[in-house]
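Protein chains in written order, with my numbering: chain A, 1 to 258; chain B, 1 to 258; chain C, 1 to 258.
Hints are supplied without guarantee of correctness; some may be wrong.
Repeated chains share a single entry, so a pair holds when one copy, or any two copies, can fit it.
Computed cross-link-like contacts, EDC-like style, restricted to lysine to aspartate or glutamate with a CA-CA straight-line distance of at most 20 Å [unchecked claim]:
(1) 206 x 242
(2) 61 x 107
(3) 61 x 18
(4) 61 x 229
(5) 239 x 18
(6) 155 x 115
(7) 61 x 130
(8) 138 x 163
(9) 138 x 120
(10) 191 x 120
In case anyone wonders, no lab produced these hints; they're calculated from the structure.
Here the structure is a predicted model, which is why all the values come from computation and not from measurement.
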Amino acid sequence: MESPKIPLIVLMTDFGNDPYSGIVIGRILQINPLVKVSTLTNHVNPHDIRHGAFILLKSYKYFPLNTIFLVVVDPGVGSSRRAIAAQIDNYYFIGPDNGIFSPIIADKEYSSVVELRIPENASYTFHGRDVFAPAAAKLSQSYSLKDLGPTSTLKASLDFFWDPSSSTGEAIFIDHFGNIITNIPNSINLKYNKEYYLRTPRTTIKLTLVRSYFEGSGTKPILLVSSFETLEIGLRNGKAIDLVDISPGDRIQFCRVE
Amino acid sequence: MESPKIPLIVLMTDFGNDPYSGIVIGRILQINPLVKVSTLTNHVNPHDIRHGAFILLKSYKYFPLNTIFLVVVDPGVGSSRRAIAAQIDNYYFIGPDNGIFSPIIADKEYSSVVELRIPENASYTFHGRDVFAPAAAKLSQSYSLKDLGPTSTLKASLDFFWDPSSSTGEAIFIDHFGNIITNIPNSINLKYNKEYYLRTPRTTIKLTLVRSYFEGSGTKPILLVSSFETLEIGLRNGKAIDLVDISPGDRIQFCRVE
Amino acid sequence: MESPKIPLIVLMTDFGNDPYSGIVIGRILQINPLVKVSTLTNHVNPHDIRHGAFILLKSYKYFPLNTIFLVVVDPGVGSSRRAIAAQIDNYYFIGPDNGIFSPIIADKEYSSVVELRIPENASYTFHGRDVFAPAAAKLSQSYSLKDLGPTSTLKASLDFFWDPSSSTGEAIFIDHFGNIITNIPNSINLKYNKEYYLRTPRTTIKLTLVRSYFEGSGTKPILLVSSFETLEIGLRNGKAIDLVDISPGDRIQFCRVE
Numbered sequence: 001m002e003s004p005k006i007p008l009i010v011l012m013t014d015f016g017n018d019p020y021s022g023i024v025i026g027r028i029l030q031i032n033p034l035v036k037v038s039t040l041t042n043h044v045n046p047h048d049i050r051h052g053a054f055i056l057l058k059s060y061k062y063f064p065l066n067t068i069f070l071v072v073v074d075p076g077v078g079s080s081r082r083a084i085a086a087q088i089d090n091y092y093f094i095g096p097d098n099g100i101f102s103p104i105i106a107d108k109e110y111s112s113v114v115e116l117r118i119p120e121n122a123s124y125t126f127h128g129r130d131v132f133a134p135a136a137a138k139l140s141q142s143y144s145l146k147d148l149g150p151t152s153t154l155k156a157s158l159d160f161f162w163d164p165s166s167s168t169g170e171a172i173f174i175d176h177f178g179n180i181i182t183n184i185p186n187s188i189n190l191k192y193n194k195e196y197y198l199r200t201p202r203t204t205i206k207l208t209l210v211r212s213y214f215e216g217s218g219t220k221p222i223l224l225v226s227s228f229e230t231l232e233i234g235l236r237n238g239k240a241i242d243l244v245d246i247s248p249g250d251r252i253q254f255c256r257v258e
Numbered sequence: 001m002e003s004p005k006i007p008l009i010v011l012m013t014d015f016g017n018d019p020y021s022g023i024v025i026g027r028i029l030q031i032n033p034l035v036k037v038s039t040l041t042n043h044v045n046p047h048d049i050r051h052g053a054f055i056l057l058k059s060y061k062y063f064p065l066n067t068i069f070l071v072v073v074d075p076g077v078g079s080s081r082r083a084i085a086a087q088i089d090n091y092y093f094i095g096p097d098n099g100i101f102s103p104i105i106a107d108k109e110y111s112s113v114v115e116l117r118i119p120e121n122a123s124y125t126f127h128g129r130d131v132f133a134p135a136a137a138k139l140s141q142s143y144s145l146k147d148l149g150p151t152s153t154l155k156a157s158l159d160f161f162w163d164p165s166s167s168t169g170e171a172i173f174i175d176h177f178g179n180i181i182t183n184i185p186n187s188i189n190l191k192y193n194k195e196y197y198l199r200t201p202r203t204t205i206k207l208t209l210v211r212s213y214f215e216g217s218g219t220k221p222i223l224l225v226s227s228f229e230t231l232e233i234g235l236r237n238g239k240a241i242d243l244v245d246i247s248p249g250d251r252i253q254f255c256r257v258e
Numbered sequence: 001m002e003s004p005k006i007p008l009i010v011l012m013t014d015f016g017n018d019p020y021s022g023i024v025i026g027r028i029l030q031i032n033p034l035v036k037v038s039t040l041t042n043h044v045n046p047h048d049i050r051h052g053a054f055i056l057l058k059s060y061k062y063f064p065l066n067t068i069f070l071v072v073v074d075p076g077v078g079s080s081r082r083a084i085a086a087q088i089d090n091y092y093f094i095g096p097d098n099g100i101f102s103p104i105i106a107d108k109e110y111s112s113v114v115e116l117r118i119p120e121n122a123s124y125t126f127h128g129r130d131v132f133a134p135a136a137a138k139l140s141q142s143y144s145l146k147d148l149g150p151t152s153t154l155k156a157s158l159d160f161f162w163d164p165s166s167s168t169g170e171a172i173f174i175d176h177f178g179n180i181i182t183n184i185p186n187s188i189n190l191k192y193n194k195e196y197y198l199r200t201p202r203t204t205i206k207l208t209l210v211r212s213y214f215e216g217s218g219t220k221p222i223l224l225v226s227s228f229e230t231l232e233i234g235l236r237n238g239k240a241i242d243l244v245d246i247s248p249g250d251r252i253q254f255c256r257v258e
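Extracted from the complex, chain A is given alone in its bound form:
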C-alpha cells in the first residue's frame, strides 16, 4: 500500500453541537497543520455504540483509501477500556475498544491493532482530545501504526442481530427524515411492488416494497432498500416513525406474503 498523499482524518462522534469536536480538530491541526479533517457525523446518539458502529460499517468504504477515522463514542472514557488504533484493509481506525470497530474487522482480510499509550497528563473525561487526536495526527504524518503502541487485538465485540433462517434482524436507528433503518440485508429475491410483512414484538405490518420514496402514497408507510443496502421503512413526504411502533433495538422478522 502506498503512503497517503493527501492524508485525511474523518471524525465520528456523539459530541452533538458541543465544542468538543471543534477542540479535537484544533488539537489535530496543532500537530499536523497540513492534514485535511472532515466529519462523518457528530450526532451519533449519545453513548449509543451500536448506532455508531452501524454508521461507520456502512460508510467507511465511501471515503478515500488510507482515511483515518477518529471515533469518539466513548461512555467508558477514563475507565480500564483500552484505546486502540487499527488498520483494517486499507483504512485506519482510532478510538475506544468498546465494540464500535468490531463489525468492520469481523470479515476483513487484513487487520492490525495496537493499543494506544495513555499520556500521564490526559484528562479522564476527554480522550478524544488528549489520546485519539494526537494518535490520529501522528498517523497522518510519518508515524506507522506500530509507533503508536504495542501490537494487540480488539477485545470488545458487538454484533447486530441477524438470523438468516428466520430472516430476523433488528431496527438500528431512526434518521432525520423519520425513516426506520434496519440491518435486514437486501435479498436478491425481493420484488418491487410486492407486499411483505414485518413482524416486531408489538406489531405486524404489511408493506409494499418500492424503489423510491416518491412511489409511496404519503399516507401509508413503504418498504425500501436503504442507501446502506438494508431494508428501511419510509413514508413519502413524511416520517414513517410517526406511523409505525418500532424502536431501535427491536427485533424485526421479514416475511414473504404467500
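With chain A held as given, fit chains B and C onto it using these hints.
Below, chains B and C without anything else, positioned relative to chain A:
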C-alpha cells in the same frame, strides 16, 4: 472565464445531523482528494425546496467565482425527476431539477444546463452520494459541464410570490433566532424609525423599521432589513416568532401608514 | 513570532443550524481561497456572551499558534458596540467588543487591539459576513493587525464569578450530555472517592468526586474534573441536569465535608 485554481465544492442539503452529508463529502474526496469542500447548511427544512431555493439564491454570490454548489433537497429522488448540472454566470450548480435552481437562473445573462446520466448501480434513495457527488468531483477536476451529460434546460420552476402593485410578498422561513424572513425587497423609499403595517391572512401588525436588533425594546417585534436585503421581523434579545402569528408561505402585504 | 505558514481561521458563533456560518466561510474564501477554515462551534447559546466567552477561554490553546478566531455572538450588531481585532499572545481574535474576549486578555503578557472600520455598505444585521469575515481573511493574508484599523483597547469586560475565600463560583453551561460545567477550579487538594458539598441558591447536594463517568452508579450524580479543568456534575450514562436543580448563572459554593 479562467479555470478555477482552488476548486471549491459547497454543500447545501436537508440531511440535518445524519451522516449522509459526511458520506457525500467522502465520495467527493475519493474522486478528487485535492478539492476543498465546505457546507452552506445541512439544515434546509426537510423536503422544503422553497426554503433551500431562497437560501441558495441569497447566498451564492458570497462564495468565490467558480464555486460548485452541490444541492440535495430532493423529495423526488429515484423518480423521473431529472438530475442536472448548470453553469449560471460564473457559478456551478448540481442537484435535482425540482425548481431549487430556477430563481437563480431566472434573470441571469448566461446559463448552460446538462442532464446528468444516472449510473446503473446508483441507489434509488441517495443520489447525493451516487450521482451528484461524482458529478461535482469531476467538475472540480478537468471535466467540463458537457462531459457530464447532454445539453438540456431546466424543466421545473419555482417562484417566490411578489406582487409589486400591492407590495405583497411571502414569509419564507424562520431562522434560529426566531426572526421571520420575508422576500419583500428592501425598497429605497423606506425610512428608519417610521412605522409600517404588515397584513397577513390572519393579522395586521404595526412595526417600526429600525436598523439593528439593538434598537428594539425587547417586548415589541421590530421591522428590519435582513442580511438578504429583504424585510424581516425581529425582536431584540428574543424570538419574534413567539409573538407574531406568521408561518412560512403566508402572504404578507407591506403597507405604508398614511 | 514567525508569520503563519498554514493560516487557519476558526469560527465560533451562535448561528446554530442557519446558513449564516456557511456564508461567512464563503466570504472568507472569496478573499483568501487558500486559507483553512474550521469551526469550534456554531452552537453557543443564542446571544449568550458568557457561554461563548467560557468556551473560547478554555479552548483556544488547543489550536495552532497564530490561529485567527472569528467570533460572532453579537446581540449588539449594528449598534455603537465596536468591532475589534486583537492579538493575544500568539493568537488572533476578531469579533464584537462585548466582553467575549475579555477573560482571555485579562492576564496575558502581550496583547494588541485595533478597532475595525465598518464599511459603508455593511449590513446592520450581519457583521459576521460584512466586517469580521473580510478582516479575518485579510489577516490570514499579508495584512498585519494595524492594517485593519487604529490601535485601541477592549472596552467591554466580563468576569466569571469566583470568590476563592468562600470557594464560590458559578454554573456556566449544560453540555450535550447533560453535564453541568462550572468555573470552580480544580484544586490540588481534591481527593478522588471523597464526598463534597455543592451549595446553590436552591439546594445543597453531596457528591462523590470520581475520575471518570464510568465510576458513577448511573442513579446518583457525580462530581468530576471537567476537560476544562473545572468542576463538573455528571451522571454515568445519563443526564445530570435531569436530577440536579442548577441553571447556568447560579452561584455554586464548593464545600468540603468535615
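Here is what the structure says about each hint:
{"no.": "1", "hint": "206 x 242", "result": "within (16 Å within a copy, 39 Å between copies)"}
{"no.": "2", "hint": "61 x 107", "result": "within (14 Å within a copy, 42 Å between copies)"}
{"no.": "3", "hint": "61 x 18", "result": "between (27 Å within a copy, 17 Å between copies)"}
{"no.": "4", "hint": "61 x 229", "result": "within (13 Å within a copy, 38 Å between copies)"}
{"no.": "5", "hint": "239 x 18", "result": "between (27 Å within a copy, 15 Å between copies)"}
{"no.": "6", "hint": "155 x 115", "result": "within (11 Å within a copy, 50 Å between copies)"}
{"no.": "7", "hint": "61 x 130", "result": "between (27 Å within a copy, 13 Å between copies)"}
{"no.": "8", "hint": "138 x 163", "result": "neither (41 Å within a copy, 41 Å between copies)"}
{"no.": "9", "hint": "138 x 120", "result": "within (18 Å within a copy, 40 Å between copies)"}
{"no.": "10", "hint": "191 x 120", "result": "between (58 Å within a copy, 18 Å between copies)"}
Of the numbered hints listed earlier, the single one contradicted by the structure is hint 8.
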